[in-house]
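J.: Sequence:
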Amino acid sequence: MATAAMPNHSKAASYCEKFLKNFVDESNDNDKESIKYMAQLQQIANRNSKVLRIDLDDVDSFVEQDQSDERYPSFVGELERNTRTFQRLFAEAADRLMPAPDALANSKMDVFDILSEHRKIMDTHARAVEARETGQAVASKGGKGAVPGTVRGGCPDMLLRRFDVYFAPRTKMLPLPMRGVRASHLGHLVRVRGVVTHVTDVKPLVSVVAYTDPETGFEVYQEVTGRTFKPLDNDSKERAKVNRKMQPVMETRGSKFVKFQEARLQELAEEVPEGATPRTLSIHLVGEVTRTMKPGDDVTVTGIFLPEQYTGFRGMRAGLLMSTYLEAHTVQQSKRQYGSAFELSETELAAIEGLGEQGDVYGRLARSIAPEIFGMEDVKKALLLMMVGGQTRLFADGLKLRGDVHVCLMGDPGVAKSQLLKYVSRIMPRAVYTTGKGSSGVGLTAAVLRNQVTKELVLEGGALVLADKGVCCIDEFDKMEEGDRTAIHEVMEQQTVSIAKAGITTTLNTRTTILAAANPAYGRYDRRRSPSENINLPAALLSRFDILWLLLDESSKDNDTRLANHIVRLHLMGRAPAGAVDANNAVNPAEAVVPLKLLRAYIGQARQYEPDVPVQLTEYIASFYAELRQMEKAALGAAATYTTPRTLLSILRLSQALAKLRFSNLVEQSDVDEALRLMRQSKASLESSGPGANGDGGAYEDHISLIYRLIREYSNRSKELEIPYAKIQELTARHNVSRDQIEECVDEYARIALWNVDRDQQGNPVLHLQINDAAFA
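Taking our numbering, the leading residue of the sequence shown gets 2, the next gets one more, and so forth.
Any given hint might turn out to be false.
As the list claims (entries may be wrong) - Derived pair list, reagent style BS3-like, types lysine-lysine, alpha-carbon separation capped at 27 Å:
no.: 1; residue 1: 231; residue 2: 19
no.: 2; residue 1: 260; residue 2: 204
no.: 3; residue 1: 456; residue 2: 423
no.: 4; residue 1: 231; residue 2: 37
no.: 5; residue 1: 295; residue 2: 401
no.: 6; residue 1: 456; residue 2: 336
no.: 7; residue 1: 336; residue 2: 502
no.: 8; residue 1: 19; residue 2: 51
no.: 9; residue 1: 502; residue 2: 438
no.: 10; residue 1: 456; residue 2: 204
no.: 11; residue 1: 22; residue 2: 231
no.: 12; residue 1: 12; residue 2: 22
no.: 13; residue 1: 204; residue 2: 231
For the record, the hints were derived by calculation from the structure and aren't laboratory data. Just so we're clear, the structure is a prediction, and the values are computed from it rather than from any experiment.
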């Protein structure tokens, strides 16, 4: 078996310098900045940057195009196998090539500038004094008898270096499974993907220690390469070798500290073998890489896999065993986070614009949510509005009105509630999926743990904290203990978690959307019992959900046949239908499913808008709310749902979400009508008897008679005998009626010749009422 040749460090160092000096960025049209890395060094010299990021794709292309005698074919491979050494070589090459600051430089001096000038003066004076005493010049660095790891007199390169070198991986480098990172990868550049479960605060980490003699001002420096070091004290033999007359005192102001943060990365659920628990990997973030990840992020980390020796009593017990960690160089978010920094590429913007030109964006996006699941179009519309969300209002006196839309899906087993939750967790960039039986109140909010390094008590965020500004999907919501479920009450309305335990009193942000799924109290929904008996959730919790939808598994020959055909086709094709499926089970390719990536981008773009409700719609919304309250009052306590002032806020949030989907900053009446329709639809699904209470677009009352009555009343008022489909939609917008029900009513009364039906260019019905019809007289 052939062995790899030993790397030639002197040749590698010269090649690092050659690459930095000569690499030309062909994708940059600006000639001044075409030498990519010299431009980066200029930015560092001007104090505008602290990072020298080496893209290994650039190194790879440079090696391939190099035809000189100094060609180094194995350069990239050696770099990936011995990354820490090449990181030092690139830093030294950058020091040699560092240009002088230009006219655009930041001229403001910092502490190290002042100390550097002072050290030059002191070093010149010390060398002059020692030269007079010994009769010979003293080297400015090191010298015979110097302590390993110390620099005598002059400043070390590490102290004066104002940048860090990071490596960006090659595009073809695929992430390794966490269980695939082994001892053979020590010192290598590796990529792993996982979920961030814990991140510490950023703290200073010493990299160069400065010692000063109080009498003479003489300085000695000690570079720290590990997590521990032995200071030079008055009695140390090492100190005597440097200068026997020196009484060293550690000087923190002259030492160099870098930002340090430690994180814990957990293995992805799909990579965990059967019967095993997820593994974790410690991540060290040093310098400008800090604050690039938060708990709950799904990230891909590239870094150097390194060993770390245990220290203290733990090291005595560990013996020859060592821990490992990944020193991060790049952190990539697997899902782009929604927020103020969310930006789309030109390709994505063009795709979104093309989607808007095709029409019915609202319906297509809703059908693209879990397209493998048959039907439930209105439920998917509610989930779409939940992901878009409303507008959070912050008032000057500190009052806050949340904009997140909370949804609860309750129904019989086997109606795909859990699948909907799983799909939503895949769409949203920040999403946590958990179950009620496997979650405690502490696991949902926060726990107090002891930090293994500092031994101080710290808060470890739970599922709701990890899902901050995201979605927390809670399955089997009804299986939670009552004491654990009450922990969610504050989260759902105030969007905070108040902690007072183990001497820690604080408030954590949980700006989280709750998507819950639950089964009825008796396993399956019992028609003989009231909705409140079937739901078995306290009113204080139910009122916090903007939409509570009941999904029932009812027997219907037509629906069961269509569902069976859909499932069989799904198994045969191995994927969801390419378009919408009509009543005849035919696929319409014109209404193709929106890809997941485009769906996520569209939602992210919609969330950037901040719509307001105009004054002219306030009376319209208030009248609907008052009507609901009066209907519940007339029901004498037998109403299926609770209508509270929170219901009014829910209508506003749903209307704002619909305006966001139109990329508008103003809510229109059509948005309010659709929000009211969804609200009626969800309430109709909770009725204890009657057809259509399955959350799939059915209404509780006889929709044919209702639509006919609305058309008749309109004709009597307006004396109109020709009524287009748009007017029928407007008349039925607030009455929980779908397009299929309108078509059914139109066909029903056309058969008995109460009106004639024509079709417009879009295929929508136009009614021509009979003049001699007594019903319209």
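J.: None of the hints should be skipped; say for each whether it holds.
T.: Status of the hints after comparison with the structure:
1. 231 / 19: violated (38 Å)
2. 260 / 204: holds (6 Å)
3. 456 / 423: Violated: residue 456 and residue 423 sit about 37 Å apart, past 27 Å.
4. 231 / 37: Violated, at roughly 41 Å.
5. 295 / 401: holds (24 Å)
6. 456 / 336: At roughly 34 Å apart (the allowed maximum being 27 Å), residue 336 and residue 456 break the hint.
7. 336 / 502: Cα-Cα ~34 Å, so violated.
8. 19 / 51: holds (21 Å)
9. 502 / 438: holds (24 Å)
10. 456 / 204: holds (15 Å)
11. 22 / 231: Between residue 22 and residue 231 the Cα gap is close to 39 Å, so the pair fails against 27 Å, i.e. violated.
12. 12 / 22: It holds: about 15 Å lies between the C-alpha atoms, which stays within 27 Å.
13. 204 / 231: holds (20 Å)
In this structure, the earlier hints numbered 1, 3, 4, 6, 7, 11 are contradicted, and the remaining ones agree with it.
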